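Colleague: Now for the letters of each chain:
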Amino acid sequence: MKVPYYPGCTLHERALDFDVSARESARALGIELEELPIWTCCGAVFPLTTDTVMDILAPVRNLAYASRIGDKVVTLCAFCYNVLKRANKVMRDDPEKREKANLFLRADTEAREAIESYTLEDYDGQVEVLHYIEMLRDLVGFDAIARKVTTKLGGLSVAAYYGCTLLRPKKEMEFDDPEQPTIFEDFLEALGCDVVDFPMKTECCGGFQIVNEPDIAVACSQNVVVSALKRGADIIVTTCPLCRYNLDKQQEEMEKRVQGFQKVPIVYFTQLLGLALGIDEEHLDFSDNYVDPRPVLTEKSLL
Amino acid sequence: MFEPRIVCFFCKWCTYAGADLAGTSRKQYPPNGVVVRVNCSGRIDPQHVIWAFREGADGVLIGGCHPGDCHYQDGNYKTMRRVKLLRRVLGDMGIEPDRLRLEWISAAEGEKLVKVMGDFVDTVRDLGPLELEEPRVVSKRA
Amino acid sequence: MEQRIGVFVCHCGSNIAGTVDVKRVAEALAKYPGVAYSTDYTYMCSDPGQNLVKDAIQEHDLTGVIVAACSPTLHEATFRRAGTAAGLNQYRVEIANIREQCSWVHQGEKEEATRKAIRVIKSMVEKVKLDESLDPISVPMTHRALVVGGGVAGIQAALDIANAGHEVILVERSPSVGGHMAQLSETFPTLDCSQCILTPKMVEVSQHPRIKLMTYCEIDDVSGYVGNFKVKVRKKTAYVDRDVCTGCGLCTEKCPARTDSEFEEGLAKRKAIYTPFPQAVPNKPVLDAEHCIYFEKGKCGVCQKICPVDAVDYEMKDEFVEEEVGAIVVATGYELYPVEKLGEFGAGKYPDVVTSLQFERLLSASGPTGGEVRRPSDGEIPKEVVFLTCVGSRDPENHLPYCSKICCMYLTKHAMLYKHKVHDGQAYYFYMDVRTGGKGYEEFYQRAAEEDDVLYVRGRISKIYEEDGKLICWGVDTLTGSKVEIAADMVVLGLATVPNPAAAELANKLKIHTDEWGFLTEAHPKLRPVESLAPGFYLAGAAQGPKDIPEAVSQASGAASKVAALFAEEEYHREPVIAWINEDTCAGCRVCVSVCPYDAAEFDEEKKVARIQEAICEGCGACIAACPSGSAQQRNLTDEQIFRMVTATLED
Amino acid sequence: MRLKLSGEAIRDDLVERVEELSGQNLSACYQCGKCSAGCPVVEEMDVVPSEVIRLLQLGQVESALETKTIWICASCLQCASRCPKGVEFSSICDALRAILLRRRLSSPRVDADELAPVMVSDAPQMGVVGALKKLNG
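First to last, the sequence lines map onto chains V, H, D and P. The first sequence lines up with residues 18 to 320 when you count with my numbering. The second sequence lines up with residues 246 to 387 when you count with my numbering. The third sequence lines up with residues 14 to 665 when you count with my numbering. The fourth sequence lines up with residues 26 to 162 when you count with my numbering.
Heads up, none of these hints are tricks.
No farther apart than 25 Å at their CA atoms in a straight line, the calculated lysine to any residue pairs in the SDA-like style are these:
1) K36/D - H24/D
2) K362/D - N240/V
3) K188/V - Y55/P
4) K273/V - V145/P
5) K266/V - K158/P
6) K123/D - D364/H
7) K243/D - R157/D
8) K142/D - R132/D
9) K418/D - P542/D
10) K483/D - R274/V
11) K117/V - V107/V
12) K93/P - E498/D
13) K123/D - T269/H
14) K329/H - C602/D
15) K110/P - C416/D
16) K522/D - G571/D
17) K280/V - Y478/D
18) K225/D - A515/D
19) K483/D - Q276/V
20) K354/D - E202/V
21) K524/D - G571/D
22) K318/D - T265/D
23) K114/V - R42/P
24) K247/V - D391/D
25) K257/H - E664/D
26) K362/D - E202/V
27) K110/P - T66/V
28) K418/D - S570/D
29) K266/V - E139/P
30) K187/V - P409/D
31) K114/V - K187/V
32) K187/V - G111/P
33) K360/H - Y322/H
34) K188/V - G361/D
Reference excerpt, derived from the structure (chain P facing chain D, CB under 10 Å, subset only):
35) G63
36) V67
37) V73
38) S75
39) C104
For the record, the hints were derived by calculation from the structure and aren't laboratory data. All of these numbers come straight from a predicted model, not from anything done at the bench. All residues carry an ideal CB built from backbone N, CA and C; glycine is no exception.
Next up, chain V with everything else stripped away, as it sits in the complex (with noise of 0.2 Å):
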């Protein structure tokens, strides 16, 4: 089964691992990840502004590839999952934005035209914008997954972490219950972990706020690590390369703050996926994390 997939700048950069390892995992469950054919940045935030369609343009012109390849787009990163599910909505209930919104697109396929011949139909919404981890639940099913562990990955303590952006907002996103989530657990469980739930599995990392204001994005990301650490986590997984840098890099600032910190290990969860259907470590790459989890996963003889 071929699946039309948006990667998304960082993972095309510098979350190289949650790439590699999502589309190796994704091949081993009988499905190929197909990169759009032209993909442009999502512009990473939604705008909360209303007066303006600038700002979804270039989400909507995103959704606009998709749907020359197919009827539903896949993507891993929580941000770009985030700004294209509601761009979609834009689209789908706003006719005075998605008139506007489609008067530009015409306007780039002329200007494209003469260059490559390459034309956008109007876009309207029809496009269904996936998470991967809804992929894997909806698609192969989680009990199909859990069929095909080959390592099972019991005696690993892992907390998921959501952050912000999966959830909410709630009404437009209708990803998960947004206080008590539980999809990431059951993949987890699929998976055969020993789940950690923790309280701030759903408060924020900090976000966008580690480049303004560090400070802020250290201590909500400590709250988070800690929270988990605290309830016996070995490794805290995630589904944002955002929050996979404040919580991951960050620790060395929380070492210096927190008395006795003992650091934890945060990966992605394609990462574990992958470890637990066999796939080769070198498609998984834990080297790229600040706090190594090699050694964890060894001690737990998963490596």
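Let chain V serve as the given structure and place chains H, D and P on it in line with the hints.
Modeller: Then chains H, D and P, alone, in the frame of chain V:
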């Protein structure tokens, strides 16, 4: 001076009782209107209003209970929707929509009734006598 | 029929005659078509005045009467009686209001007032010409009431109706009467012990000679209409013949199966064969098959073996009983909003985040801790307790938009009682507004703050989670504009009150209206607050909206007095000026059915026409205005009458 | 502290601009404070979210624009998710920042040239792009 003829359809629970209160309080208002008492403003059919104009009324005033206070739950909402539409139809018929007014007047609002009566008579007086294009039908219905 | 109408113009002393030229009016009307007699008199409502009317009816063989006088709200009944006495059908006597709506409001305008009076009377003459002779609708009536729900409201309604001399059937779903009030510790603002004041009423209701108490029963079906309901009651399978059972309690004592006690809100266990609480009425057990070892595994049977009177019967099945009643009081009560819906407060997974009813049990001397406030998780006495209002209430975005009304007060009571029991404890009370509308309520709240040192914090709590055995509460104090964090030992959630979920199903069966949240809708929010729009149904207690005990009891007594008033007559009488449908012209479009607020308009599937149920129609006229073919009409206020009245008001 | 209130000031053009840009009805907020109670970055704020909304309800847009709060918000939307009245404080922050940035009343918050090299070489692109879009307009 032109003295308009007004037909008033008042619901018996609120506006009719409000008009009685205006009387017991000896408030004064112009005698242009005569009241037809109905159980509920929701009883008023657009035909009644149009009939009144055909029979020589220069204005029609409908009085009902305030929203939420209808004795019959929601008759006044039905009236509200009907009057909205009817005002447009009247416009199409060449009758100024302002000749039809709907007011919520409770049994305690004698003062409001007086004010509305005065206002409405002034409004209709300013509009002048209703001139219907067709000759007015004088004969009674069947 | 040739019309011979009499017109009687009243002077009302100078009240009318001072402004209206009554002589001229009477003379003008004498010439009006259909008028056979016209006169004026000083005080028409006086005895000589009424005799004048009576005599004229007989002397002139009048077919209708108009009394031009004060508002019909004052003397319509008087003159209708006079008409009846003279042999004229009372519905052919009408009032023309020339006082409140003419002479009194046009003082000093004699000419105009006189002309207006003439028009007013002419219009009424036109009405009476087409008035039919009608009789009040009489419906035979069963003088027995059904009360659904055995909480305090149902108990009160049953007692009041029975004490007024009528038979009552009180149906309660659970094994005992008492409702939520039986679970409460003490009651605000007087701190009476709830059971102490309730138990005598529970006993009274079970022993009253005119009350048939049916516990562990449900309403299966209701048909008929006011005065004539047929009710099918399902007696749920108790597996205990409760007529034979002596309530000795041996079965419960010996039963080996345990499950969560509903009465203790899950804070204690009960047996599979059980009475819900020691003071239960009737004090006889039922067997809960779902948790019974015999029903699960086919063996055990201890209760049957030990029962000295052979009351336990595992083969028992549901039974149905038919009852006839004339009126129905619905008192199905409330439940708490499910804690599982509060994800930010742990969705019920933290044992020490308790519901308000659980906290009542913890405060109750008969509760699982004997009245000591102890944490469900470890039995420790909590030293920092957070009380949280508006949990699910006043939250249109995520939960319920309405105010649950009782939480402000019961949480204040909770905090106060907690402080009475744990002197060195700290009580935090989070609120948006402390609503203390009620006698003695504000004083009670002030006492909690001043004397018991309950700390009132203005703001909501956003998140609660467990950390190192504490419940961390993220709250806000909006008065200082700061986020506040409390490491609490226990949190009490003032969960919203919602109608009993089974009540919606019942309302459906009864065909009475509920609002979108499932609360029963009253006939009029101010003037008919204890009746349903559907005749014969009365509302009591929290089923109609959140209520505290005094309010529930007042409404129950109100409903009971309405029932007693209904039963005061041998038959049920109604005004006959209601809608009817001309079956010959009805096209069967059912618009009338859809607009009728009382479900009085129904569709006759055989004849394919609509029909008005005379016992139910209130005469609002909504169906008539909506009927596209003019087939729906109102008796004595037909469209034809309105047309003619309008014309008459416009003629000079 | 003293505020002079008048009908004109309470509903001035700027207040309406905030409502329009944010798509939020400021009057819907009944000041329960749940946004402030659950905000993960509230400790760094000089004025808590519900108070910023209160300032706007009182027509004090200038005071709201001066708060540090609007630059601290990380757009995590926890406030909006739990708000009983469906008010999105993050959108209000975006609107207030937009007003400042579009009028050049505030210089760009993040100086791209001065970004720490580690940030440029190390941080995920989405973080940098997100910050620039949110804070520089």
